[in-house]
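**Q** The whole structure should be built from the sequences, with the hints applied where relevant.
Protein sequences, first through last, are from chains A and B. Under the working numbering, the first residue of the first sequence carries the number 1, and numbering increases by one thereafter. Under the working numbering, the first residue of the second sequence carries the number 307, and numbering increases by one thereafter.
These aren't lab readings, by the way, just hints derived from the structure by calculation. Note that this is a predicted model, so its numbers are computed, not measured. C-beta: ideal position from N, C-alpha, C; glycine also. A couple of the hints might just be wrong.
Unchecked claim - EDC-like cross-link-like pairs, simulated, lysine to aspartate or glutamate; straight-line CA separation at most 20 Å: (1) A:K88 to B:E624; (2) A:K88 to B:D625; (3) B:K746 to B:D358; (4) B:K558 to B:D664; (5) B:K558 to B:D584; (6) A:K88 to B:D584; (7) B:K626 to A:E85; (8) A:K88 to B:E627; (9) B:K626 to A:D89.
Claimed, not checked - Across the chosen pairs, the derived CB separations fall in these ranges: (10) A:P262 to B:K482: 34 to 44 Å; (11) A:R265 to B:D499: 41 to 51 Å; (12) B:G655 to A:A208: 32 to 42 Å.
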Amino acid sequence: MIRHLISAGDLSRDDALLILDTAEELDQVSDRSIRKLPTLRGRTVVNLFYEDSTRTRISFEAAAKRLSADVINFSAKGSSVAKGESLKDTALTLEAMGADAVVIRHGASGAPHRLAGWVRGSVVNAGDGTHEHPTQALLDAFTMRRRLGRLEGLRVTIVGDVLHSRVARSNVLLLRTLGAEVTLVAPPTLLPVAVSGWPCEVSYDFDAELPKADVVMMLRVQAERMNAAYFPTVREYSRRYGLDTRRMALLPEHAIVMHPGPMIRGVEIAADVADSPRSTIVEQVANGVSIRMAVLYLLLGSEGTR
Amino acid sequence: MIGRNEAVPGSWLIRGARPLGGEPTDLLLRDGLIAEMGEGLRADGASEIDADGLIALPGLVDLHTHLREPGREDAETVHTGTAAAALGGFTAVHSMANTDPVADTAGVVEQIWRLGVRAGYCDVRPIGAVTAGLQGSRLAELGAMADSAARVRVFSDDGRCVSDAVLMRRALEYVKAFDGVIAQHAQEPRLTDGAQVNEGEVSGRLGLAGWPAVAEEAVIARDCLLAAHVDSALHVCHVSTAGSVEIIRWAKSKGWRVTAEVTPHHLLLTDELASGYDPVYKVNPPLRTAADVEALRAGLADGTIDCVATDHAPHPLEDKETEWQVAAFGMTGLETALRVVHAAMVETGLLDWAGVADRMSVRPAVIGRLDGIDGAPLHGRALAAGAPANLMLYDPEARGTVDPAQHASRSRNSPFAGMELPGRVQATFLRGEPTVLDGKLAR
Numbered sequence: 001m002i003r004h005l006i007s008a009g010d011l012s013r014d015d016a017l018l019i020l021d022t023a024e025e026l027d028q029v030s031d032r033s034i035r036k037l038p039t040l041r042g043r044t045v046v047n048l049f050y051e052d053s054t055r056t057r058i059s060f061e062a063a064a065k066r067l068s069a070d071v072i073n074f075s076a077k078g079s080s081v082a083k084g085e086s087l088k089d090t091a092l093t094l095e096a097m098g099a100d101a102v103v104i105r106h107g108a109s110g111a112p113h114r115l116a117g118w119v120r121g122s123v124v125n126a127g128d129g130t131h132e133h134p135t136q137a138l139l140d141a142f143t144m145r146r147r148l149g150r151l152e153g154l155r156v157t158i159v160g161d162v163l164h165s166r167v168a169r170s171n172v173l174l175l176r177t178l179g180a181e182v183t184l185v186a187p188p189t190l191l192p193v194a195v196s197g198w199p200c201e202v203s204y205d206f207d208a209e210l211p212k213a214d215v216v217m218m219l220r221v222q223a224e225r226m227n228a229a230y231f232p233t234v235r236e237y238s239r240r241y242g243l244d245t246r247r248m249a250l251l252p253e254h255a256i257v258m259h260p261g262p263m264i265r266g267v268e269i270a271a272d273v274a275d276s277p278r279s280t281i282v283e284q285v286a287n288g289v290s291i292r293m294a295v296l297y298l299l300l301g302s303e304g305t306r
Numbered sequence: 307m308i309g310r311n312e313a314v315p316g317s318w319l320i321r322g323a324r325p326l327g328g329e330p331t332d333l334l335l336r337d338g339l340i341a342e343m344g345e346g347l348r349a350d351g352a353s354e355i356d357a358d359g360l361i362a363l364p365g366l367v368d369l370h371t372h373l374r375e376p377g378r379e380d381a382e383t384v385h386t387g388t389a390a391a392a393l394g395g396f397t398a399v400h401s402m403a404n405t406d407p408v409a410d411t412a413g414v415v416e417q418i419w420r421l422g423v424r425a426g427y428c429d430v431r432p433i434g435a436v437t438a439g440l441q442g443s444r445l446a447e448l449g450a451m452a453d454s455a456a457r458v459r460v461f462s463d464d465g466r467c468v469s470d471a472v473l474m475r476r477a478l479e480y481v482k483a484f485d486g487v488i489a490q491h492a493q494e495p496r497l498t499d500g501a502q503v504n505e506g507e508v509s510g511r512l513g514l515a516g517w518p519a520v521a522e523e524a525v526i527a528r529d530c531l532l533a534a535h536v537d538s539a540l541h542v543c544h545v546s547t548a549g550s551v552e553i554i555r556w557a558k559s560k561g562w563r564v565t566a567e568v569t570p571h572h573l574l575l576t577d578e579l580a581s582g583y584d585p586v587y588k589v590n591p592p593l594r595t596a597a598d599v600e601a602l603r604a605g606l607a608d609g610t611i612d613c614v615a616t617d618h619a620p621h622p623l624e625d626k627e628t629e630w631q632v633a634a635f636g637m638t639g640l641e642t643a644l645r646v647v648h649a650a651m652v653e654t655g656l657l658d659w660a661g662v663a664d665r666m667s668v669r670p671a672v673i674g675r676l677d678g679i680d681g682a683p684l685h686g687r688a689l690a691a692g693a694p695a696n697l698m699l700y701d702p703e704a705r706g707t708v709d710p711a712q713h714a715s716r717s718r719n720s721p722f723a724g725m726e727l728p729g730r731v732q733a734t735f736l737r738g739e740p741t742v743l744d745g746k747l748a749r
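**A** Below you can see the structure in the form of structure tokens.
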């Protein structure tokens with residue numbers, strides 16, 4: 001296994017499958033009356049969160065605790081970070097405290113790369129700027145495999161603000177590694193200019209993609225983007241790129257609907273679609289804990305250092 | 307290798323140097339001039355330098371240097387910056403206006419000029435701000451800076467673009483009264499809001515906001531048309547894209563008064579280096595693609611781009627040991643410039659040493675008005691008897707790994723750290739006096 005998990009592109013096919021298979025095993029723990037394993041007893045996991053993201057932090061915290069690790073939550077708010085301490089100094093502080101793993105969420109793309117140069121422990125990227133969110137991609141793949149039984153050859157359509165989405169980047173890389181075929185659907189303004197070099201297809205026509213899709217993954221679209229002229233109005237965005245019941249009816253019978261959350265009902269996804277049996281949104285959250293347990297277990301549990 | 311004779315101070319005999327890489331000859335420096343050139347010159351009490359195998363070039367001239375003083379003496383001072391320049395083979399540098407306070411008045415430019423005279427490592431020619439406080443709203447007192455002891459002729463808001471078309475037009479027109487030139491940092495601000503790296507494959511992959519080539523090219527095209535309309539002189543700073551080279555080539559074909567510079571780093575490095583998010587590679591304009599590097603080299607070789615300028619931009623460690631998007635833009639470059647040009651242009655066969663002298667001394671001296679007229683120093687002259695003894699000696703056979711810890715610059719943000727580069731600057735002479743001997747500061 002690799003030492004850090006910073007980009008989904010760092011995972012080989014074997015590594016990725018090992019994480020998914022390990023998550024399946026660890027998922028059994030969730031069904032027991034005592035949901036705790038002694039695996040990481042005495043190890044310290046720091047959640048270093050520079051952005052508010054309660055759901056991701058709680059997911060990592062639950063994962064570490066179910067593996068009996070000591071968890072330190074270090075939030076940028078109310079800490080020395082708010083007083084202007086540099087990321088490097090924070091890293092050295094965590095190092096001095098003996099962090100075995102640092103889970104970092106940061107608004108700047110590449111912050112986990114920098115952190116990995118300053119600490120000896122493992123670094124897990126819990127979302128960096130508009131770059132990547134590899135554990136989200138892993139839990140998405142885990143969810144797809146559970147629902148549809150395979151990943152190889154699966155046709156996945158990812159819809160929305162690809163340009164600013166760390167979820168999209170990680171999913172494109174991981175799904176490619178695992179043999180799925182990805183199509184991105186977005187207004188041209190919300191795609192990177194060099195997207196033609198990505199290992200996926202690109203389409204501006206959502207309706208045309210739906211009948212072929214096994215999975216539709218909707219991305220959150222922030223209304224502020226409208227002010228920077230990425231699209232004219234929220235209403236027009238919804239009409240062209242939102243998933244409503246009419247569009248859902250164009251999907252094959254078996255197809256599933258995913259969303260990394262937090263979703264904006266009525267913008268990129270209609271409420272009755274989000275709550276339909278096709279929707280995996282709640283499962284994704286549950287699966288997130290199992291995936292993060294697997295990642296921490298494989299990064300920390302297998303080696304006896306420190 | 308130096309035999310010093312105290313009997314005749316200020317007199318040096320350089321034995322067997324190869325001017326512009328040509329046949330070996332001797333050069334006798336006396337009273338600030340090249341007194342004699344030819345084979346078998348007699349020392350007549352001058353200190354002798356064995357320059358066997360060394361190339362002699364006219365002292366290099368940098369049109370784009372950030373000396374940081376006044377205001378950011380933690381990053382660089384006029385003293386440390388000009389020492390770095392001398393070690394790079396430079397005898398004149400143009401210091402950019404984005405100091406604190408901004409070099410937008412006669413008082414500030416005279417202060418910087420005097421600091422340069424006091425340091426004595428090379429001639430410091432202050433560049434004046436185009437707009438008051440670099441704010442882009444009203445013209446600075448360009449005439450007062452031109453008439454000051456600093457004799458400013460180049461004006462720039464470098465770091466910021468004079469994006470207002472009317473203000474740019476007026477600046478170009480106004481400086482005609484005193485043979486000035488506007489050096490533009492071409493960057494359309496709305497297209498580059500928050501921009502971090504070249505917009506392309508790398509920016510998409512890294513999730514960093516893109517700095518598109520069109521944001522540079524659109525401003526260059528507009529400014530060339532403005533310069534033509536008012537018949538004034540435009541200099542384009544740090545050209546970084548293939549498209550910019552095309553536009554400048556077109557403007558020059560019209561006979562318009564447009565000149566341009568390229569940095570050493572844009573001649574050698576590409577945006578792929580951003581992949582590790584190390585901000586030592588963060589610079590404005592950003593590192594571009596391999597295709598851009600190729601076009602810039604071709605443009606410099608055919609003269610479309612007039613000169614190499616370092617954009618030496620020192621920053622303290624804490625401004626670079628950060629996340630990419632909060633790090634400062636800029637790279638040091640004075641002490642590596644000639645070696646990088648050697649690697650990018652000479653070793654590739656694109657320029658010979660005469661060409662290097664033209665692009666790094668002769669042409670920048672013309673653009674900077676270092677013409678010896680009305681008290682301006684004289685630089686960029688061919689090595690010949692009677693010319694000012696501003697020259698440097700370079701060992702083209704040496705090779706070495708760049709170690710910023712050894713640099714005289716106060717800052718360490720060299721993107722060439724750890725790279726093996728050809729060549730070594732052996733000596734630099736400013737008006738006949740050595741500033742560098744044996745690759746070390748001589749004073």
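**Q** So, for every hint listed, does it hold in this structure?
**A** For each hint, the structure was consulted:
no.	hint	result
1	A:K88 to B:E624	holds, 9 Å
2	A:K88 to B:D625	holds, 12 Å
3	B:K746 to B:D358	holds, 18 Å
4	B:K558 to B:D664	holds, 18 Å
5	B:K558 to B:D584	violated, 38 Å
6	A:K88 to B:D584	holds, 13 Å
7	B:K626 to A:E85	holds, 14 Å
8	A:K88 to B:E627	holds, 7 Å
9	B:K626 to A:D89	holds, 13 Å
10	A:P262 to B:K482: 34 to 44 Å	violated, 59 Å
11	A:R265 to B:D499: 41 to 51 Å	violated, 30 Å
12	B:G655 to A:A208: 32 to 42 Å	violated, 52 Å
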